[in-house]
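Top line first, the protein sequences correspond to chains A and B.
Counting from 1, position 278 in the first sequence corresponds to residue 328 in the numbering used here; the numbering is continuous, with no gaps.
Counting from 1, position 304 in the second sequence corresponds to residue 354 in the numbering used here; the numbering is continuous, with no gaps.
To be clear, the hints were calculated from the coordinates, so they are not data collected in a lab.
Quick caveat, the model's predicted, so the values are computed rather than measured.
It cannot be assumed that every hint is accurate.
Each computed DSBU-like pair below joins lysine-lysine, with the alpha-carbon atoms no more than 35 Å apart [as the list claims (entries may be wrong)]:
{"id": "1", "chain 1": "A", "residue 1": "K283", "chain 2": "B", "residue 2": "K272"}
{"id": "2", "chain 1": "A", "residue 1": "K351", "chain 2": "B", "residue 2": "K61"}
{"id": "3", "chain 1": "A", "residue 1": "K272", "chain 2": "A", "residue 2": "K175"}
{"id": "4", "chain 1": "A", "residue 1": "K283", "chain 2": "A", "residue 2": "K217"}
{"id": "5", "chain 1": "B", "residue 1": "K78", "chain 2": "A", "residue 2": "K82"}
{"id": "6", "chain 1": "A", "residue 1": "K94", "chain 2": "A", "residue 2": "K61"}
From chain A, some residues computed to sit far from chain B (all C-beta separations above 10 Å) [stated by the list, open to error]:
{"id": "7", "residue": "G73"}
{"id": "8", "residue": "R120"}
{"id": "9", "residue": "G174"}
{"id": "10", "residue": "G269"}
{"id": "11", "residue": "G309"}
{"id": "12", "residue": "D350"}
Derived list of chain A stretches under chain B, where covered just means 3 residues or more per stretch with a C-beta under 8 Å from a C-beta of chain B [unchecked claim]:
{"id": "13", "region": "53-64"}
{"id": "14", "region": "256-266"}
{"id": "15", "region": "291-297"}
The beta carbon of each residue, even a glycine, is placed where N, CA and C say it ideally should be.
Protein chains: 2
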Amino acid sequence: MNNFVFHNPTKLVFGKGTVEKIGEYLKKDGIKKVLLLYGGGSIKKNGVYEKVVRSLTEHGIEKVEVSGVRPNPVLSKVHEAIEVARKEQVQAILAVGGGSVVDSAKAVAAGFYYEGDIWDAFIGKYNIKKALPLYAILTMSATGTEMNGNAVVTNEKTGEKFYFGSKYTYPVLSIVDPTTQFSLPKEQVVYGAIDAISHVMEYYFDTVGSSLIDRIDEGIIKTLIETTEIILKEPENYEARTNYCLATTLALNGLTGMGTNGGDWSSHELEHSISALKPEVAHGAGLAIIFPAWLTYVKDKISDKLISFGKHILNLKDEITPERTIKELKNWYSSIGAPISLKEVGIKKDDIDFLVEHATKHAPFGTVISLNKEDIRKIYEIALE
Amino acid sequence: MNNFVFHNPTKLVFGKGTVEKIGEYLKKDGIKKVLLLYGGGSIKKNGVYEKVVRSLTEHGIEKVEVSGVRPNPVLSKVHEAIEVARKEQVQAILAVGGGSVVDSAKAVAAGFYYEGDIWDAFIGKYNIKKALPLYAILTMSATGTEMNGNAVVTNEKTGEKFYFGSKYTYPVLSIVDPTTQFSLPKEQVVYGAIDAISHVMEYYFDTVGSSLIDRIDEGIIKTLIETTEIILKEPENYEARTNYCLATTLALNGLTGMGTNGGDWSSHELEHSISALKPEVAHGAGLAIIFPAWLTYVKDKISDKLISFGKHILNLKDEITPERTIKELKNWYSSIGAPISLKEVGIKKDDIDFLVEHATKHAPFGTVISLNKEDIRKIYEIALE
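Generate coordinates for the entire structure from the input sequences, incorporating the hints supplied.
What follows is the structure, encoded as structure tokens:
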């Protein structure tokens, strides 16, 4: 186990009927005016918007709204919200939505105090020193953003999809009410699970770790597999939803990273190029394709871990090999409706050059194998069909 | 799963060579003068004291010392330290030692600002509203105090051993360097493990929980069993120590309690009476005796959970029954040198009246079965031999 520092100050408020408590929490913290940031309006359909507005009103909290944050959130919307937040002199950001809304809100919270373009934080030109307090109401569990300081945003002008992580952008408070997710499309349940499973796998397959965190990792992934299967059949199964939601939070709140080298993260790097080529491919779908291909490429370096994965997570009996574990993982992804090859999402052999060029910009990356251009090409080739 | 709020602001600094960073952390937080609280001097033997003092000096941090905190820490020492802290106008408490030192430091930190007797916080007469910042260097892993707001102290005048829990007494920062524990007596390794296992079991056997946290619980207990066996043979096995130490921290930092009814805690209540009768019996030893007796008494209410415990934690195959799980747990406790009956620690049939009277003061307690005087008597009788 490596040395580590763990510090996660987010207050997590979890369970049914918690959305309506937002006004009370804000008031207790002395907040009188917020920027309410949300997406395309699904929170108006499922009643969350109404509950939030009522709670704010009841506690005398003023709001200004910025809506229209889209999946794969863009920098221009962040700029727009920063301008509103400054003009209206809000005291906090209240993000209501999924990962894209919360990630955008983190950039807005940090951008509020930064004189330059907050994109600087994504490209390493600005080290965040201050941010407005951020409150989040999560309506789609997947990325774990509700309990970490990370944000991923795309700069539409350059086509770059970058991230930052800062201790100043952990939400002060995050509310997760699993009942608000009953009406999510099945696709989002599937890709949310794969996203969270991939977060845990980035740490699980790291070259340094510990038996304790490995077991916790195994428990989180097993729970995600089991609950996804239940939710696809019974979307309103509360017990399955709560376990699913909490598992996605714990997947990336620092717990699974304890004592590791910080995770491998090659699969995430490789997936970003898929997004760049085909923005309509969900992040979770891209990960379902690329992670098993990466596993196949590095399998000789992590064969013991792959066997453990097969045994403890996939419940395979006898004759467990690294290859079989990877095959069974792909089978499961396929069984819940995720693509497992580039071809399935319309990416052809001729597109590989683009993917390789795009991904190589940040190469070398990865801790299991430090990937260079040739490695990257081979992984995309494995992922092809 | 029940609704819950999780908020743990402690920064955990974990790994070898971290003790000497204390001065740097204090300086960064603007602390110029601390009360250094410690126990009977083992930190002088193992070199921790010297490292701490050197680090403080190097960073220009003044200290006043109060030493002599003993296992099962007492209120008079807390009073003494509060007086010194006030007189010397320290800005923070720095606790260096095991659970008893850190628990005492929490009472000192809260008592500093309270005009009455801080014992009021233990008996529910005072709800803590403020505390000095607390920094901890943990030199014996067991109670989990390094990452929660709880403190247990004994009032020598009344013989009462009570606890408080407050959000104001979470350590700001806790340093855990597993190498400082290489020289601990074997007994403390054994009782530390049993204490931490018991913390997890109080939640695991609660009537409400979740499959996710159950799996995490199982991973923590399995790790404690496995690493204790290794440490008893190889006290300087760093990998085993790190896993052991981190498992004891995670056992009681809020993670294992997520979504439960708050845990059963009957066994802890019943153990306090053993301490009251025989203060020389370590808390972990008392728990090794009483927890299996409680399990036996309530086994019909938690039979599925006991079977899961046998299967997933103790790795029992075929024909797993609640009774067999309890028996195997006792066997394991016995195998590492812990007592598993009251007789083994010199408590006889005639002493049971005292234990019953003492424990009944707080009855009824427990969530699995709400225990009254008769139940309590039966459990002590089961524990007798």
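Checked hints:
A threshold of 35 Å between alpha carbons decides the hint, and for A/K283 with B/K272 the separation of about 33 Å falls inside it, so the pair holds. Pair hint A/K351 plus B/K61 holds up; C-alpha atoms about 33 Å apart against a cutoff of 35 Å. In summary, the hint linking A/K272 to A/K175 is not supported, as the alpha carbons are separated by about 40 Å, beyond the 35 Å threshold. Between the alpha carbons of A/K283 and A/K217 the distance comes to roughly 39 Å, so the proposed pair goes past 35 Å and is violated.
Taking the CA atoms of B/K78 and A/K82, the gap is near 31 Å; set against the 35 Å cutoff, the hint holds. Distance check on the hinted pair: A/K94 and A/K61 sit about 25 Å apart at the alpha-carbon level, within 35 Å; holds. Here A/G73 stays apart from chain B, with its beta-carbon at least about 16 Å from theirs, past the 10 Å limit. The Cβ of A/R120 lies farther than 10 Å from every Cβ of chain B, with a closest approach of about 30 Å, so its non-interface assignment holds.
Residue-level check passed: A/G174 sits 23 Å from the nearest beta carbon of chain B, beyond 10 Å. Under the 10 Å C-beta cut-off, the non-interface status given to A/G269 relative to chain B is violated; the minimum distance is some 3 Å. A beta-carbon of chain B is positioned within 10 Å of the beta-carbon of A/G309; the least distance is around 7 Å. Every beta carbon of chain B lies more than 10 Å from that of A/D350, the smallest distance being close to 23 Å; the non-interface claim holds.
For a cut-off of 8 Å, the count of residues in the region 53-64 of chain A with a CB near a CB of chain B stands at 12, and the three-residue condition holds. Using a Cβ-Cβ cut-off of 8 Å, 6 residues of the region 256-266 of chain A lie near chain B, which meets the minimum of three, so the contact claim holds. Coverage of the region 291-297 of chain A by chain B holds. Counting CB-CB distances below 8 Å, 4 residues qualify, and the rule asks for three or more.
When each numbered hint is compared with the structure, violations occur for hints 3, 4, 10 and 11.
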